[in-house]
Structures are given as C-alpha cells and as structure tokens.
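Here are the chains, one letter per residue:
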Amino acid sequence: MTGSIVSAATFKAPQELDCDVCIIGSGAGGAVLAAGLVEQGLDVVMLEAGSHYTRKHFVGNQPWSFDHLYQERGGRATEDLAVTILQGRSVGGTTTINWTTCYRTPDRILNHWAEVHGVDGIDSASLAPHYEAVERRLNIHEWPLSAANANNRIIHRGGQALGWETHALHRNVRGCVNSGYCGEGCPVDGKQAMAVSYLDDAVRGGLRLIANCEVQRIGWTGRRAETVHGMALDPDSDHALGVEVTVRPKVLVNAGGAINGPALFLRSGIEARGMMGKRTFIHPVCGVAGQYEELIAPWAGAPQSVACHEFVDRGPDKMGYFIETAPLQPMLASTVGFLFGADHATYMKELSHKGVIIALGIDGILPQDVGGSVVIKGDGRVWLRYEIQPWLAEAMRDAHVEMARCHFAAGATSVSTLHADIVELDSVDQLDRLRTAPYGAHQHSMFTAHVMGGCAMGGAAETSVVDSDLAMWDFDNLFVVDGSVFPTSLGVNPSQSIYGLAHRARARVASAV
Amino acid sequence: MGTTRRRFLTYGFGGVALLALPAIGLSLRKSVLVPPKAELLTFSERQYSTLVAVADTLCPGDGDLPSAQDVDVAGQLDVLFSRCHPGVGSDIAAALDLMENALAGALLDQRFQTFTACTASVRAQVLLDWSLSAITLRRAVFKALRGFVMAAYWGSPGTWPAIGYAGMPDYSDVPSPPPFDEWIASQEAGGGAPDQPTAADDVPGATP
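Those protein sequence lines, which keep their order, are chains A and B. Note that the working numbering has the first sequence beginning at 242, numbered continuously upward. Note that the working numbering has the second sequence beginning at 30, numbered continuously upward.
Chain A extracted, bound-state conformation:
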C-alpha cells in the first residue's frame, strides 16, 4: 500500500481520520519511527506544521530558506533574545536544514543518564543494532580530512599544533557534492534528510503524511490520549485556514521536537506534574573568528567535518564544551556580532579570508544546571526561558581563550570576538584581554542549533516525563519520540541520538497499539 504526502491547505472541508498511530512531527524522531511502524503493517498518520519541499526549492536563496525552512522564519530566540535558536520547520524537520554531523550518544552521557536520572536499559550495547541500522540507511560515514574545507582544517591544524585531540566527523550523506549549503536544504538530495530517506520509505509503505497541519491541542481522558486537533495552514503565510483536521488514533506519538513538543502538551493541559518543558538544554554556542592570509571561503564545502573534544571534561565543577565550526554564508555571518556601518562593511569584505571556531556548552550535566523551560505567553507565542548561568559564562570565557589559541596556532593573523564591545587580538600574547572580557546575555552573540529536553526521560514518575521506553508516565497510549526526551544535553550533535532512540522505540510503540 502506498501512502501519500498531502497539504492540509488542499482540504476543502474538515477531516476526521482514524488510525493505529498518529505521529505529530516529521523530523528525526517521527520519520524513523513511522518507517518502522508501517513496515509492521500499522496504519500511521503523520501531521506536520511545515510545508513539503524538495531539492528544486533549494537553490541557495538564503532569505527564502530561513523564511520557509526554519521555526519562526529564522527569528526564534530565547525569551530574553540573548540566544538565537535555529530549528527546522518543514517536512523532515530540522534534518532538512542541519549540517549532517552524526555521532552515537557518548558512553559518558549514557552512564550519566543511568546513574543520575535512572534511565534503564539504554547503553551503547543495547543501542548498537539501532545505530547500525540507521547508519546503513542514512549512509552515515566518516567524511575524510582530504575533503574537509579550509574552515574545518583550522581546527585540525590548530588543534594538532596545540596537541589537542581532533577527529574527522561522520555525516549522513550519499552523493554529496561538498556544496556547503546543508543549512538551506540540500540542492542535490545528497544529504540523507528524512524527506529523502525514512519518510520516503514510510510513504511507500503506506504513511499518510499531512503537511501544513499544525496541531493545536491533544484531547485526553484519564490515562488515554483520545484525539488530535489540527488546523490547516496556508503554506505561504502559515495563517490558519479554518479547516480542522481531527485524528483519533489508538496510540499517539508527539515527535514535534523540543520547545514545540512540550508547548503542545502545555496547551493541552498535560503538565507532567510540573515537569513539562523543564530541563530544556541547548548546547549554547559562542564563536571566535580568525583572519587568514589564505582564502577560506567559509561558505564553501561541507559545513562541519572536524571537531575537537579536548574540553568535554573540565573537572567536576566546570561545564565542559566541544569545538566545531559553522558555515558562514553572508546572511548567517552578518547576523552575529554587534558591528554595523563602515566597520561591519569592512568585516564582511574580509569574510572570504575568515574562519570561525565555535564552542558548544554541554549543559545539564552539573547538578545545579536545570537548563531552561518552555513557557507560553498570553498571546499564544511559545518561548524558551533560558538564563545564562555563571558556570556557562565561565565555560564561554575559557572557550574564547582556547578558540583564539587555536586560530593563532593555525596561522591566523588576527582574531576577533562577537562581543558588543568587540575584542580584537593581533597575537597570542594578548589572550588576557579575553580573560577579562564580559561574558553573558547580550555581552556577545550566542546561538544554538541543538534544542534538547523538555520531556525528560528518567527512572521514576516523580522525576521525569517519560520512562526509558519513551512512554509518558501518566498515559497508557502516549509516547514522546524526539530530542525532547534527553534528560541532559549530549556533548555531541544530537541527530543520530534521536535516530537511534526512535529506531529503538519502534517495537515498544507498535506493541501499544
């Protein structure tokens, strides 16, 4: 049986659907799960708020991409606007626009989840067959250093000179042309995003995927989720069209991702004893730019292919961080920092010779680090309340110093920060200026592309939202299968951790039907 992808905008009248499983959201979690469920012969309906786009739409038009492929048209941020949040919003979710970096969940994180959060039965051995399956389907493999662009080679070259551990990254690509435009939708279908992999499998197996359908509320009674209430959206404006879509599933899965997933629960009065939306983590990112004699063209080539985990463990009382780089197409590059006018024009004219290193804070590991929380305001807007805590500011200070050292070791002629009061260094002898610079909200640019948590997994109903099988403690037929179940951040890019958990969840969700 072949399924379909239809836009709810084409519906002329309200729709009422029955099915075995309804999945809300078509990203990394929902897609992998859906493919497995239809393979087992289940009738699955998937609702996705975003539109369905294909490679013909992905032509390097950055304004179009941010407008159509990102949450809040690229303008999502924490409540205080201190941290820009890059999250996807289309069929395929964030996998449509992520930078393809894949890691298995590190053992140290899995051990922490077991020891501190009571997560049961999730370790590297039990996850291995699931990872092997998704690695095969998505062709996740090491991207060789020989194909790394100049921007990523900075980390390799600088890190090696400083004696740091650096490594080549794994990517989910097949037929990649090294374009560098992963963040705008792959123009050649080389990235094995969900829309061209697991969703394709699922639709061929019978999945009914309804795009442009925003779920507004879950109807529930006692321990059962009964109905899903969606609204058709105009594909261009996202304005509600007034046509309702109601689904009555035997089993419901929220795979709407961190922030949106918990927000839907909160709108539906499902608060998980006050824990819904709490423990949201973001791998907060800061960056340092280096100026080089040679051409870097930081927009060209695979966005991420080298990383450094030298600073993942900085001791018991300090937040760790890991080091990667980011692609710098002009639009994205221009939005960070505080420069403007002639100074910024000069900065941009030097962009082709700039490289950037980013540090991603590993939040949620320190005992006192409870992360952020999802809140819904009176006008209906959803916000992430996330405060920059002292331990994060300390980690960012340390990271700035180390990133600058790496740039100079790699041959940078100068280094500059993204501070409101920009710090510019001409030599490694000036690192103290970074140690005395201010760190925190609105002192410098921060962003995230890794939103995790909000429906934390754990060993007891008193301390978590879902159990180790991703089932909601308070329900008999409601699951969460996305990055919102992580009880902490990961210390690595999260997509493969979501793929793996979703693959593992296939059997448990199917058994609940």
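Since the hints were derived computationally from the structure, they do not count as laboratory data. No residue lacks a Cβ here, since even glycine has one placed at the ideal position from N, Cα and C. Treat the hints with caution; some may be incorrect.
Simulated restraints on C-beta separations [as the list claims (entries may be wrong)]:
#	chain 1	residue 1	chain 2	residue 2	range
1	B	Leu69	A	Arg676	44 to 50 Å
2	A	Asp662	B	Gly196	30 to 36 Å
3	A	Gln671	B	Leu157	19 to 25 Å
4	B	Gly196	A	Asp364	42 to 48 Å
5	A	Gly483	B	Pro198	40 to 46 Å
6	B	Asp158	A	Gly619	29 to 35 Å
7	A	Glu373	B	Pro186	30 to 36 Å
8	A	Ser668	B	Pro64	25 to 31 Å
Guided by the hints, dock chain B onto chain A, whose structure is given.
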C-alpha cells in the same frame, strides 16, 4: 522574573509617554517620513520610516556596497513580519516607536529630535549607545533590529559581489543519488563504487 522585553517596550514606553506630558512639544517632534515602495503590511508609515533610517545607519553602503534602501531592507522586513505571529510585528513596531520618539531620545540618548530627523552621524551614535547600553533590554532591542536588518541586507544578492561571494553554484544538472534499495544492493554485492565525497574545485582546502 525581572522586567521582560515586552513589558519594557509596553510599560517603558508608557512611562516615557507620561513623562512627556510636561514636555509635550518634544514628544511631538516631527518624523521625516519616507514613502514606502509598496503597500505596508505590518508597519505604519512612521514605523516604516524609522526602520528605513535604522537600516540605512546599520548598512549605509559605500562605493562597492548598496545602501539598505537600495535593496529595500525595510520593505522586505515589513513583508516578513506580516507572515509571522502578530506579536512579532507589534514588538518590533513598539521598538521602532521607542527609537523614533524624541522625548525618549532626550532621556535615553541625549538627542532632541526624532530618530528619522537626526543626521547620519547622530543616528550612528544612538545605535552605538544602544548596542553598548548598560540596560540589557536596550542591547536586546538593538540586537534584534540589527539581526533582522543584516539578514535582509546580506541576503540580497546585490551585496554579494563586493565581498567576493558568488552565491550557490547551479546544481540543477547534478542527478540525485540512486534509490536506496538499488544502491545498497549494489554496495552489498560489491559491485557499486563506494560513495566518495566530491572535492569541488571551489572548496578551498579540499583536495580531489
């Protein structure tokens, strides 16, 4: 929690308006309006004109680069915000109202004119003061306005030649990879070429 951005924009502006009563003349200073290039969908003409002034201060252009007005940054953003949650447009509108108000300018920035009536150098000083303000929410408003303006400006192809950026190459003739089932069968039978990354000539650092 403390003062939120929204509360700052709403009540802060309201408080400023109260203070304006004895200084009504100052608060009624005229704006310099710029006619929009298309029907406005989000902003009033005054707000649009303020956004034009902010954008031209952030991105004035030079011999190589167009100005923000040349690429219609304010018009692009007026359309963008019309497609967002209404609260986004009203937040930005409130920020622009605060930026434009002469009394607020006198209190916060020591300037006695509307923002649109200021010279380019005064506008630049005002925005610099906002970016470095001890009041976190002023920095937040600056950061938000700057981010949207920069994205619209540098997303415009007219700005790219000056920085040596040619845009994404045309990949329309590059075929998609073969269907997975077909490809994996070939791989596992040992008959397919391994998937090798293409080291494009225009990727500095990458070697074939």
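For each hint, the structure was consulted:
| no. | hint | result |
| --- | --- | --- |
| 1 | B:Leu69 to A:Arg676: 44 to 50 Å | 48 Å, holds |
| 2 | A:Asp662 to B:Gly196: 30 to 36 Å | 33 Å, holds |
| 3 | A:Gln671 to B:Leu157: 19 to 25 Å | 24 Å, holds |
| 4 | B:Gly196 to A:Asp364: 42 to 48 Å | 46 Å, holds |
| 5 | A:Gly483 to B:Pro198: 40 to 46 Å | 42 Å, holds |
| 6 | B:Asp158 to A:Gly619: 29 to 35 Å | 32 Å, holds |
| 7 | A:Glu373 to B:Pro186: 30 to 36 Å | 44 Å, violated |
| 8 | A:Ser668 to B:Pro64: 25 to 31 Å | 51 Å, violated |
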